Structure formats: C-alpha cells, structure tokens
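K.L.:
Sequence:
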Amino acid sequence: MANIRDVSMDARLWLNKIKTKHWSRHAFDPSIKCDHVTNNMTKSFNSMLGDHRAKTYLNLVEFIRRMVIRRFQERKEECGRWKIEISPNVISKVLKVSQEIRILKLINVGDEEYELFEYSRTYVVKLG
6 MANIRDVSMD
16 ARLWLNKIKT
26 KHWSRHAFDP
36 SIKCDHVTNN
46 MTKSFNSMLG
56 DHRAKTYLNL
66 VEFIRRMVIR
76 RFQERKEECG
86 RWKIEISPNV
96 ISKVLKVSQE
106 IRILKLINVG
116 DEEYELFEYS
126 RTYVVKLG
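Quick note, the sequence shown lines up with residues 6 to 133 if you use our numbering.
If you are wondering where the hints come from, they were derived from the structure by calculation, not from laboratory data.
Be a bit skeptical, because a hint or two may be false.
What the hints assert, rightly or not - In silico DSBU-like cross-links for lysine-lysine, where the CA-CA straight-line distance does not exceed 35 Å:
1. Lys24 to Lys81
2. Lys60 to Lys48
3. Lys98 to Lys131
4. Lys110 to Lys26
5. Lys60 to Lys81
All of these numbers come straight from a predicted model, not from anything done at the bench.
With the hints as constraints, model all of the structure from the sequences given.
P.N.:
Dropping the structure here:
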C-alpha cells in the first residue's frame, strides 16, 4: 500500500474502500482453484501474436479472428474423437475425487445440512 500511496493517494483511498478479498492476492480464497491463470493466458496469447503485432489494427484483428476459428475447429475435431460427451479431463478428475471420498461417510442432519466424517475428522456442509 505504501507503493500505491507514493504513486497516487487517490488510488490508495479508493482501494481502502474495497474489501481486500476483491483485489489483493494475499486475501484470495486458497480453496478456489482454476485451470487457467490469467497471467499465463496473457503470455500465451501474446506469444501467439508474434510478428502480427506490427500489422495494422484491422489485420491484427483479422489474424486473431482466424486464430480463434482455427482453435475452435481443432477443439471440435478433438471432441469428435471422444467416446462419450464428457471430456477426458473431467472424467479423470471425477474418478480421482471418487477414489478420495470412499473413506468419507455422509449423514443428513437437517434441511440442506450434512456431516461428512472420516476416521478422526468431521466436516459440516451447509448447502442452503
């Protein structure tokens, strides 16, 4: 925050009005996981552009359009080879989780509330 204050006091005051969980990396929920990290996606996208960045905006946009269409077509062809309608990544994740939860027992303790328990731990799950 000191660095932000040095650049712009208004920016610091504006950020102070917003809860840190919405903008500060240290306050993000670590249990939330995502397959894509924005920074990696940006680097990947920029590397795909390569020399096309030097072209006019219209040519650059046309290149991006073709790149996206080509990517969709490749994904469509890949999905066409699947034996079922669920992606192999999802199937492997479901199988992994199903193996991990075999030791857990589930009890319904009320309206939309459950207890998961294993050998020495109990977890309360509230769906409502």
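K.L.:
Can you name, in rising order, the numbers of the hints this structure does not satisfy?
P.N.:
Hint 1 contradicted; others consistent.
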